[in-house]
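Visitor: The chain contents come next:
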Amino acid sequence: MGLNMAKDSYIYAVARIRTHETKLLNHQFMEQLIVAPDEDAAMKLLVEHGWGAPEMSAEQMLDREKKKTWELIRELVPDNIDIFDVFLYQSDYHNLKAAIKECCTSDIHDGIYEEDGITIDPKEIEKAVAARDFKALPERMQEPAARAMETLLKTRDGQLCDIIIDRAALDAIREAGKATGSRLLALYGEYVAAMSDVKICARAVRTGKDRTFLGNALADCEHLDVSSLADSASQGEESFKTYLGSTGFSAVVDMLSKSPSAFECACDSYLIEQIQPQLHNSFGIDPLAAYILARRMEIKSVRIILTGKRNDLPDESIRGRVRETYV
Amino acid sequence: MENLGLFFALAGAVCSALMAGIGSSIGVGHAGQAAAGVVTEDPSKFSKVLILQLLPGTQGIYGLLIAFITLTQIGIMGGDSNISLEKGLLYFAACMPMAFVGLVSAIQQANAAVSAIALVSKKPDQFGKAMIFPAMVETYAILALLVSILSIFGIASLSI
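If you're matching them up, the sequences are chains A and B in order. Its first residue numbered 1, the first sequence is counted upward by one per residue in the numbering used here. Its first residue numbered 1001, the second sequence is counted upward by one per residue in the numbering used here.
Honestly, the hints are just simulated from the structure, not real lab data. The beta carbon of each residue, even a glycine, is placed where N, CA and C say it ideally should be. Hints are not guaranteed to be accurate.
Unchecked claim - Example chain B residues on the side facing chain A (calculated, C-beta under 10 Å, incomplete):
{"#": "1", "residue": "1033"}
{"#": "2", "residue": "1038"}
{"#": "3", "residue": "1039"}
{"#": "4", "residue": "1075"}
{"#": "5", "residue": "1079"}
{"#": "6", "residue": "1080"}
{"#": "7", "residue": "1111"}
{"#": "8", "residue": "1114"}
{"#": "9", "residue": "1117"}
{"#": "10", "residue": "1118"}
Please construct the entire structure, taking both the sequences and the accompanying hints into account.
Guide: Shown next, in the form of structure tokens:
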């Protein structure tokens, strides 16, 4: 009964999302953007499609679109918006990292905080960190924030601080995904943790990091045996690839060898593949989650295209980096 | 407890109206939420989604019809209300197809209607096809209606 009630609570929201899905950028439109002669022409196409406004810069347009997504979701589920925290924690923890580093180095920088798509005001994080009042932060952030700050002050090693916060972020994302009771959000949490672990290991293999580093950096996840992953990565590239080949992530091994961007692209394509069945689901929270991810992917793709055009990259190179589309 | 037959016959009529009515109200409510979602984004689709919203409402009408016929037959609305226990139980049984099929089919039809409304929101030109999917569920409500009507009229002619 509880599940059915949850399923039925989002009928209105899903119906509205169905209409918004018709405005998502499809493969043909992405292709039009890729073959546009320059950034201005691509921007013009986007404005005609309803993105931003003619006087906006590319960054302003992308920020506006990101804001629009969250404005819509807040309007659709005003009382239950925290179910989507799983998508926002990454930015919160990024802000925490920035606040700790700023506080420890006493450098003041503008624009280091993410202002959109967050669950805590960066000013609150900054204030809590500056006052060493970690209790003012959400419970899940208190211990890692204190530990990261202490580590940074003692060792002055920014990377150690990063791995503490990044791991805490992954743990929080996994927990938040599971807590929603949504199959898709739980899968997203697990997937983000697994892919981050693979990325950390790939980087560790290249830079020759030891087993202790990996033990501290890798987050638990259901899709991978983290201990075996850390062991294999600490033994070198061949061992790492052999282990990955024996898991459900064998497909990403080739992509890892190609380039980090090819790997990122393959991860995102896998996610799009996972959310595509939601196009035909009229009930529950999953179609809304799929829409948020689809918007995130298309904004990422448009950013890649516009940056590519700005830097005169060949169309083929841009095409290789653009993500699969949801519609 | 002298006229237990009348009690069972009345219980059958009430169940028919009650359960089919509950099913339809849930169904129309769900389809209405989906329809409102589509109209919020595109008011021009109002007439199309309204038809789809109303489809799960028919079970409630069928339930009412069965209840009305039963009440007429058992003398609640005038006439002889002296019903034997056997006949009362038979009337009760005769109302059950409409009661149960009405409840379940209205909810299932609403699920199909919600999906059909989603289809119309994306492809308004496919309205005709979209309407067929929830309409198929109606078949089973109509079959239950037929069985209940035939049974009720058949019981009236029995001499028990």
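Visitor: Next, verify each hint and record whether it holds.
Guide: Do the hints match the structure? See the list:
1. Hint status for residue 1033 of chain B: holds, given a least beta-carbon distance of 4 Å to chain A, under 10 Å.
2. With a least beta-carbon distance of about 5 Å to chain A, the hint placing residue 1038 of chain B at the interface is held under the 10 Å criterion.
3. About 9 Å separates the beta-carbon of residue 1039 of chain B from the nearest beta-carbon of chain A, less than 10 Å, and the hint is met.
4. Given the 10 Å rule on beta carbons, the hint for residue 1075 of chain B is violated: about 40 Å separates it from the nearest Cβ of chain A.
5. Residue-level restraint check for residue 1079 of chain B is violated (minimum Cβ-Cβ distance to chain A is 43 Å; threshold 10 Å).
6. Because the beta carbon of residue 1080 of chain B sits about 44 Å from the nearest beta carbon in chain A, more than 10 Å, this interface hint is broken.
7. For residue 1111 of chain B, the interface hint holds, since its Cβ comes within 10 Å of a Cβ in chain A; the closest pair sits about 8 Å apart.
8. Hint status for residue 1114 of chain B relative to chain A: holds, with the closest Cβ pair at about 5 Å, below 10 Å.
9. At about 6 Å, the closest approach between the beta carbon of residue 1117 of chain B and any beta carbon in chain A falls short of 10 Å, and the interface hint on this residue holds.
10. Interface restraint check: residue 1118 of chain B against chain A, minimum CB-CB distance 4 Å, threshold 10 Å, status holds.
Consistency note: the structure conflicts with the earlier hints numbered 4, 5, 6.
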